[in-house]
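Asks: Below are the chains, spelled out letter by letter.
Protein chains: 2
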Amino acid sequence: MLNYQLLKEDQKTSARLGKITTLRGEIDTPIFMPVGTLGTVKSMTNQDLEKMKAQIILGNTYHLYLRPGMDIIAQAGGLHKFMNWKHPILTDSGGFQVFSLGPLRKITEEGVAFSSHLDGSKHFLSPEKSIEIQNIIGADIIMSFDECTPGQVDYEYAKKSMEMTLRWAERCKKAHQKPDTQALFGIVQGGMYEDLRQTCAKSLVEMDFPGYSIGGLSVGEPKPLMYRMLDHTVPFLPKNKPRYLMGVGSLDALFEGVARGIDMFDCVLQTRIARNGSALTSTGQKTIRNATYKDDFSPLDENCDCFVCQNHTKAYIRHLIKCNEILAARLLTYHNLYFTLKIMENIRQAIAENRFSEYKVDFFQKYGIKKD
Amino acid sequence: MLNYQLLKEDQKTSARLGKITTLRGEIDTPIFMPVGTLGTVKSMTNQDLEKMKAQIILGNTYHLYLRPGMDIIAQAGGLHKFMNWKHPILTDSGGFQVFSLGPLRKITEEGVAFSSHLDGSKHFLSPEKSIEIQNIIGADIIMSFDECTPGQVDYEYAKKSMEMTLRWAERCKKAHQKPDTQALFGIVQGGMYEDLRQTCAKSLVEMDFPGYSIGGLSVGEPKPLMYRMLDHTVPFLPKNKPRYLMGVGSLDALFEGVARGIDMFDCVLQTRIARNGSALTSTGQKTIRNATYKDDFSPLDENCDCFVCQNHTKAYIRHLIKCNEILAARLLTYHNLYFTLKIMENIRQAIAENRFSEYKVDFFQKYGIKKD
Numbered sequence: 000m001l002n003y004q005l006l007k008e009d010q011k012t013s014a015r016l017g018k019i020t021t022l023r024g025e026i027d028t029p030i031f032m033p034v035g036t037l038g039t040v041k042s043m044t045n046q047d048l049e050k051m052k053a054q055i056i057l058g059n060t061y062h063l064y065l066r067p068g069m070d071i072i073a074q075a076g077g078l079h080k081f082m083n084w085k086h087p088i089l090t091d092s093g094g095f096q097v098f099s100l101g102p103l104r105k106i107t108e109e110g111v112a113f114s115s116h117l118d119g120s121k122h123f124l125s126p127e128k129s130i131e132i133q134n135i136i137g138a139d140i141i142m143s144f145d146e147c148t149p150g151q152v153d154y155e156y157a158k159k160s161m162e163m164t165l166r167w168a169e170r171c172k173k174a175h176q177k178p179d180t181q182a183l184f185g186i187v188q189g190g191m192y193e194d195l196r197q198t199c200a201k202s203l204v205e206m207d208f209p210g211y212s213i214g215g216l217s218v219g220e221p222k223p224l225m226y227r228m229l230d231h232t233v234p235f236l237p238k239n240k241p242r243y244l245m246g247v248g249s250l251d252a253l254f255e256g257v258a259r260g261i262d263m264f265d266c267v268l269q270t271r272i273a274r275n276g277s278a279l280t281s282t283g284q285k286t287i288r289n290a291t292y293k294d295d296f297s298p299l300d301e302n303c304d305c306f307v308c309q310n311h312t313k314a315y316i317r318h319l320i321k322c323n324e325i326l327a328a329r330l331l332t333y334h335n336l337y338f339t340l341k342i343m344e345n346i347r348q349a350i351a352e353n354r355f356s357e358y359k360v361d362f363f364q365k366y367g368i369k370k371d
Numbered sequence: 000m001l002n003y004q005l006l007k008e009d010q011k012t013s014a015r016l017g018k019i020t021t022l023r024g025e026i027d028t029p030i031f032m033p034v035g036t037l038g039t040v041k042s043m044t045n046q047d048l049e050k051m052k053a054q055i056i057l058g059n060t061y062h063l064y065l066r067p068g069m070d071i072i073a074q075a076g077g078l079h080k081f082m083n084w085k086h087p088i089l090t091d092s093g094g095f096q097v098f099s100l101g102p103l104r105k106i107t108e109e110g111v112a113f114s115s116h117l118d119g120s121k122h123f124l125s126p127e128k129s130i131e132i133q134n135i136i137g138a139d140i141i142m143s144f145d146e147c148t149p150g151q152v153d154y155e156y157a158k159k160s161m162e163m164t165l166r167w168a169e170r171c172k173k174a175h176q177k178p179d180t181q182a183l184f185g186i187v188q189g190g191m192y193e194d195l196r197q198t199c200a201k202s203l204v205e206m207d208f209p210g211y212s213i214g215g216l217s218v219g220e221p222k223p224l225m226y227r228m229l230d231h232t233v234p235f236l237p238k239n240k241p242r243y244l245m246g247v248g249s250l251d252a253l254f255e256g257v258a259r260g261i262d263m264f265d266c267v268l269q270t271r272i273a274r275n276g277s278a279l280t281s282t283g284q285k286t287i288r289n290a291t292y293k294d295d296f297s298p299l300d301e302n303c304d305c306f307v308c309q310n311h312t313k314a315y316i317r318h319l320i321k322c323n324e325i326l327a328a329r330l331l332t333y334h335n336l337y338f339t340l341k342i343m344e345n346i347r348q349a350i351a352e353n354r355f356s357e358y359k360v361d362f363f364q365k366y367g368i369k370k371d
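Chains as they are written, first to last, in numbering that gives the first Met the number 0: chain X, 0 to 371; chain V, 0 to 371.
Note that these hints are calculated values from the structure, not bench results.
C-beta atoms are modelled at their ideal positions from N, C-alpha and C, and glycine is treated no differently.
Treat the hints loosely; a few may be bogus.
Residues from chain V that keep clear of chain X, each with C-beta distances beyond 10 Å, as calculated [said to hold, decoys possible]:
1) LYS18
2) ALA75
3) PHE235
Some but not every residue of chain V turned toward chain X, in silico, with C-beta under 8 Å [unchecked claim]:
4) LEU37
5) ASN45
6) PHE81
7) MET82
8) TYR315
Taking the hints into account, I'd like the entire structure generated from these sequences.
Replies: This is how it looks when you write it as C-alpha cells:
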C-alpha cells in the first residue's frame, strides 16, 4: 500500500509539496533518505535517525543479500525487525551495485551473473530473484531490477539496455509477491538520450507502477546533463505518483531536482564525507581535518541547531579526526544528515509559502554555488 | 576542593559507601570511571555518558599533552570546555604511559625523558611538568607523578623506586598551583612487597593528600597477589579520604577491590573489548563476533535495561561486527559501560542494605567466577 497526495505545486518551478502514505507511516516530500547500506546508517542509531527526523531510510539489496544473507533476514522477520527500525524503508534492486562490479559480472537477457566482492562466490541476480530478495527484506518501497546504463554509452547500447530494463520491469511486476504491503517502483533509464528517457518513462507509466524512479543519473555525468535528462523525463511521469531520483543528493542537485519535480532523493555523500572529516555548512563544505580549524572554537555551522553544533567546536572535532576517534565520524555524520534533512524541511516550507525559488537563490549564494 | 563523606561501612568486609563532593558535582562511591583517553570515551557522546549515569570520567595526561597539545587545551579553557563535559574529570600523571614506552624513555631523579610514540619527538616529564600540564587540563582530581614499578622487580629496585615516588609526591604537592579547585592524590607504590606498600602508604598519609591512589597493580600480576597488596595498603590509609585503585576494573576485581575498601576504579577493558566485539553480561563475557550468535535474536543480556539490550539482538550486533560497522563498537561500548556502572550502583545499594557479601557471591556464581 502506497499513496501519494499532491499538496501543492510551485508557481515558478516544477517543485511540488506532497505526502506519501505507507503502512509504516507518512513521508513528507520532497524528502532526503539517509542510506543504511548494511542495515545501519553508518555510525547512527535508530534514535539518532528519529531525532534528526529521518522519515525513511534505504537498505541495499546486494549488500544485505551477501551479509547477513537472506536466511538471517528471513529468520529475523525482515529488515525492519532485524535492525529494529519502525519507519519506512526503501530498497534498491541490487542492479546498480552488481553493474558496478565491472569484470566481476556478466549481463544476459535472463539476468546478471556476478562474483561477490567479498569472497568471490558466484551468484545470479535476475528480475525475479531481485524481487524475491526484496520480498524477504520487506521494505515498504522496492525497486524493479534494471540495467543501470553507464553515462558514456552510444545510442544503440543505451536503447537496447533501456528496452531490456522495460522487459525486466514487466518481469518484476509479475514476480512481486507482496504488492499490498510493498510498493514496486519502475525505473526510468535511457542513458543520456532525451528520446530514450521519454520512451522509457512513457512505457513504464503504461505499466502503471505506484511510483517511478529515475536511474543512471549518478554515474559521473556532468550535472547540467543530469538536469537536462530530468527535463525530458519528469514531464512524462504522472502527477499523482512519487518520483525518486536515485543516488543523487549533493546540495545543489537537491534544489535542482526539486525544481524539476523530484520528490525523493538518496545519497551516500553526506555520510561518506563525514567519515572523511568533512562537514556540510550553510557557507559551503568544510574540511574540518584541516589545520586551519585546530583552534577554531566555533561550531561546524553557526546557524545549525543540531546537538553537535550546540555542544561541540570545530577544534574538538578536528582533534577527534586527527586521532582517528570513532566519535569524529559519528558527530560529523549526525550533523551532515541533520543539516540535509533540515534543508529539505526548509524547501518544503518554502514551497508551501510560495518562495522556493527565492530560497534556492539565497541558499546557493550563501553556499557559494554558481547559478546555472 | 574535594570532600569525602563516609556514609556506611559494611559489617562483613571493608566495603564502604561514600560520597565525594567536588566543585563540579557529587560522586557516589564505590564508583567506576570510564576512560576518555584523548578527551573522548571512545565512540560515546557526553549525552550517552550522562544517560548511563557516568559521574566522573578519566583523561590521560600523556595523550592529551601530545594531542591536541596544551596550547589548544589552554585556549579552550581546559579539558571540560574542550570536550564540553560538565561533570568531574580525573587525570593521571602521565607516569604510567611514559613508563610503558620502554626503550623510548629514560628515568632519572629529575624526571623522565621520552620520545613520543606518535612521531618520535623528544619530551621531558617531571613531577613539576606533570602538575603544570594537569593544572592546564584542569581536572577536578589529579595525580602525583610516580614511577609505576613493574610487577617483577627485585626488592631493592622496588624500594628505591618507591622512595623516589615519595620524593616526587612532595615535589608535586609543592608544584601544584590550584589546590583549591583540583584535588591532588598521592600514589602508593612499592611493587609486590607488603612492607614497601605499607611504608609508602604511611609516608604519603603523613604528607596529607585529599585522596590516595594505589598504583602498579594493573601490570599483569596475578589477581591474588594484587588483592594481597591491597590488604597491606588500604588499612594504612585514612578512613576520611577516598581510595582509588588505578587501572583496575575487571568485574571480579571490582567486587574484590570494594570488599577491601576501594572507592574508585577505572579500566579500559569495558571499552576495549567492546571494540573487539565482546560484551559483558550477567552470565559472563561473550564474544558476540562468534558464529554461534548469527541467528541469536535475544539481547546481549536478558536482564539489562540499557537501550542496546532493549532495542537490539545479538544477531544484529554480530552482523554489524562482521561488517566492520562503527555502530557495533558504539552499541557494545554503551552496553559494557552501562552494565558496569549498573553493577557499581547495585554494589552501593547492597552495601547500604547490609548484603554486599551475598550480592558478591550471587554475582560471581551467575558470572562463573570461581571463589578465591
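Asks: Hint by hint, which ones does the structure fall short of?
Replies: Going through the list in order, the structure violates hint 2 alone and respects the others.
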